[in-house]
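Top to bottom, those sequences are chains A and B. With this note's numbering, the residue at position 214 of the first sequence is 214, and numbering never jumps. With this note's numbering, the residue at position 177 of the second sequence is 177, and numbering never jumps.
Simulated from the structure, these hints should not be mistaken for laboratory data. Even glycine gets a Cβ: it sits at the ideal position worked out from N, Cα and C. Among the clues, some could well be false.
[Said to hold, decoys possible] Label pairs and their calculated CB-CB ranges:
1) A:A183 - B:G27: 52 to 60 Å
2) B:A4 - A:Q275: 56 to 64 Å
3) B:A189 - A:Q275: 13 to 21 Å
4) B:R119 - A:S145: 50 to 58 Å
5) A:T288 - B:R205: 52 to 60 Å
6) B:Q453 - A:G34: 52 to 60 Å
7) A:A280 - B:R299: 50 to 58 Å
8) A:R138 - B:R416: 23 to 31 Å
9) A:T152 - B:D305: 25 to 33 Å
10) A:P307 - B:T376: 30 to 38 Å
[What the hints assert, rightly or not] Sample of chain A residues at the chain B side, in silico, Cβ under 8 Å:
11) S9
12) T15
13) R79
14) G80
15) H139
16) F194
17) H198
18) E218
19) I259
20) P307
21) A311
22) I315
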Amino acid sequence: MNLLWLQASGCGGCTMSLICAENPNVFDTLADAGIRVLWHPALSVETGAETRALLDDIALGETLLDLLCIEGAIARGPRGTGRYQMLTGTGRSMMEWVRDLAPRARHVVAVGSCAAFGGVTTAGDNPSDAVGMQYEGRHSGGLLSADFRDATGLPVINVAGCPTHPGWVLETLMLLAAGALRAQDLDGYARPRFFADHLVHHGCPKNEFYEYKASARELSEMGCMMEHLGCIGTQAVGDCNIRPWNGAGSCTSGGYPCINCTAPEFENPRHAFTQTPKVAGIPVGLPTDMPKAWFMALASLSKAATPHRLARNAISDRVDVPPSLRKPRP
Amino acid sequence: MSDARLVVGPFNRVEGDLEVHLDIRDGAVASARVNAPLYRGFERMLEGRNPHDALTITPRICGICSISQSAAAARALGDAMGLQPAPEGARMAALIHAVENVCDHLTHFYLFFMPDFTRPAYQGQDWHAAVVQRFTAMEGSGARRAVEARASLMHILGLMAGKWPHTLAIQPGGVTRTPTAAERVRIVATLRGFRRFMEAELFGRTLEEFVALPSQDALLDWHAGDAGLFLRAAASLDLVRMGAGAGRYLSFGAYPLPEGFGFARGLWQAGALTEVPLSDIVEDVSHAWMLGAAAHPSRGMTEPDEYMRDPAYSWCKAPRLAGAPVECGALARQVIDGHPLACDLAARGGGVLARVGARLLEIARTQLLMEDLAQTIDPDARFMAKGGVPAHGEGAGLVEAARGALGHWLRVEGGRIASYQIIAPTTWNFSPRDADEVPGPLEAALVGAAVAQGEKTPLSVQHIVRSFDPCMVCTVH
């Protein structure tokens, strides 16, 4: 299969994350999956006129395109012209190019939350009037209409995340190359379920603090960040705490909250990212699928049962109290 | 050759979108105009938000300089708060930042810059076959080893910053995570692995030998490793003279540590080092599709001209320091830090060889800095100092990204961000003309570049542009 990657209105961070792939590296992984990169803006040798010729050939249908990866949102401004991002050297906007190329591709992959939903590029008042490939925030229908389907019946595949984990992108591409990604393998926002069926909470290193509602009050403290510091890992999809980032990490293991970056509209949470909104002192927002009454009951019970070790460590920047050892039998 | 106009784009293997317009006369570039064709409006997104949100939003300006943006935001907030980071927090933040900068330099050398020398146009050169073997885009053995070494080095970021890019680990008071003693030695081990890669493949000899090079002549005699391949190409293609700079260099100072900067702050012009006149920074908008007037960033605004009127030709504003353009980046930093090799490279023109050579020098020197930090960071200390953002206040965060001087200027009113202005390294380097029609550093460096008959995307132009390692997503933001 061949692949064309375009960087629309975004930061390029999903590409930068992609080349962090390990064992094997990104180039070997793609080659081994039979994926040939026609052009990538950061990685290919071709530039300028050579690239324009390639894009023209694809747009005219003379070069058949299998995989179209779009990274970044699509700028529609100013005034609907798309001229906040011109595809350089072509005199045409990225918006027009992507609209032309998408129907030519066997599959269209939106890489990152900007391409999927608009993402950070649409933060605040969305200064560039940007939009996702097939979503505008939570609403279906973006640059492409809600009923867009590729030749195999798939919608735009939303490998959401800010940034995306290299494994999410590469596994999606490998599944597509193998003809093994079906409509039922995507969730309600067209995100591949192999990562979207997990919550960031799964495997979070702060789980024991969560269980007892032993909360950090400030960043750098070890406790759970749900109650005070804006963490919504119990509601966010992603296997971030199951597969490591950069060999070792995740947001919560790094000591800062999950901000639900795989979700549409995460960029405008209506409160500070690192503060939990509360009503009458009680955090707003429940863990996914948790009945409110039960959550309240269990939370108050577990808070009352918090072991000394967790209460102390939760508000410390390091383990103050180690786990107790069993006494030897007499 | 007759006169011609060329538009070069899509200009790839740079971060983000770039278009270069060239007027060609007598087989050389007579004048150049540089267009940053993407506007997103990050400064506007931040207005009205909680000041802490800058730490989440600004790293997402750029996926390659993400930690630099984060460090600048943390410093700007800290300045407004009157808060200094905890000393060990500052040292860990410097280590995290240094990892990103070294990775960016490595990415530039192996993936962005060197593939140009694999082109068939250089087939007759005695280094060409070796360069093809090492640097062919997405296939070369060097490219593959480099992404592996880069990914391994970034394990330090996984461990201490949660992930890369877009970490929230760097805060005004320090870093969010306290390392254990065992994690510190793991960092040391990761750095040893990276050194092993560099000494075996990038430099082919010890880092200390490379850092000890005293002059351009000594550098050009270095034939070991992948660096040696570049230097052989540089000598045969006369990259010394190609893309010369104006010799005016800015650095905000890299890695602010309790004991001082890792690499010094300063302004270098006419062969002399002075303080940076920070109040004399002005962003000119005469040739940017921006409304308003020239202003210091603490009083600046970002109001795009939706009609993209002439004579503007870029979304990039034109920052000027005391009225003149300045170049920033690894060469500027190493000159201002007084390294003899960098000073000699700058004195002999500061062109393509100088910029890329200084970047290699900085990779080696930064590794030494990282090793020192990892050896001496004290896990028993505090890594975070406490403080609150005032309801009203101003702050500036000045750091060195891989590509040069990065500044954030913040004003808080009523507990909300009232103004946020950013000048990124490539805003300096790839600025358009100013009101006096003075071109930006790249525009000036391109004048005189050779263009062969029939070239649509001149190779010399590609070498010069990429020697700056531009980051276009940061440029306009």
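Going through the hints against the structure:
1. A:A183 - B:G27: 52 to 60 Å: With Cβ atoms ~57 Å apart, the hint holds.
2. B:A4 - A:Q275: 56 to 64 Å: Taking Cβ atoms as reference, A4 of chain B and Q275 of chain A lie about 58 Å apart, which means the hint holds.
3. B:A189 - A:Q275: 13 to 21 Å: Because 37 Å falls outside the window, the suggested range is violated.
4. B:R119 - A:S145: 50 to 58 Å: violated (42 Å)
5. A:T288 - B:R205: 52 to 60 Å: Check passed, 55 Å falls within 52 to 60 Å.
6. B:Q453 - A:G34: 52 to 60 Å: Cβ of Q453 of chain B to Cβ of G34 of chain A: about 40 Å, so the range 52 to 60 Å is violated.
7. A:A280 - B:R299: 50 to 58 Å: For R299 of chain B against A280 of chain A, whose Cβ atoms are near 42 Å apart, the range 50 to 58 Å is violated.
8. A:R138 - B:R416: 23 to 31 Å: holds (26 Å)
9. A:T152 - B:D305: 25 to 33 Å: violated (43 Å)
10. A:P307 - B:T376: 30 to 38 Å: holds (36 Å)
11. S9: holds (6 Å)
12. T15: Holds. Min distance 7 Å.
13. R79: It holds, given that the least Cβ distance between R79 of chain A and chain B is near 6 Å, below 8 Å.
14. G80: violated (11 Å)
15. H139: violated (20 Å)
16. F194: violated (19 Å)
17. H198: H198 of chain A check fails; min Cβ-Cβ to chain B is 16 Å, beyond 8 Å.
18. E218: With a closest approach of 7 Å, the E218 of chain A hint holds.
19. I259: OK, holds: I259 of chain A within 8 Å of chain B, min 7 Å.
20. P307: Where the cut-off is 8 Å and the nearest Cβ of chain B is about 21 Å from P307 of chain A, the hint is violated.
21. A311: violated (18 Å)
22. I315: Hint violated; I315 of chain A Cβ to chain B Cβ min 13 Å, cut 8 Å.
Checked against the numbered hints above, the structure violates hints 3, 4, 6, 7, 9, 14, 15, 16, 17, 20, 21 and 22; every other hint is satisfied.
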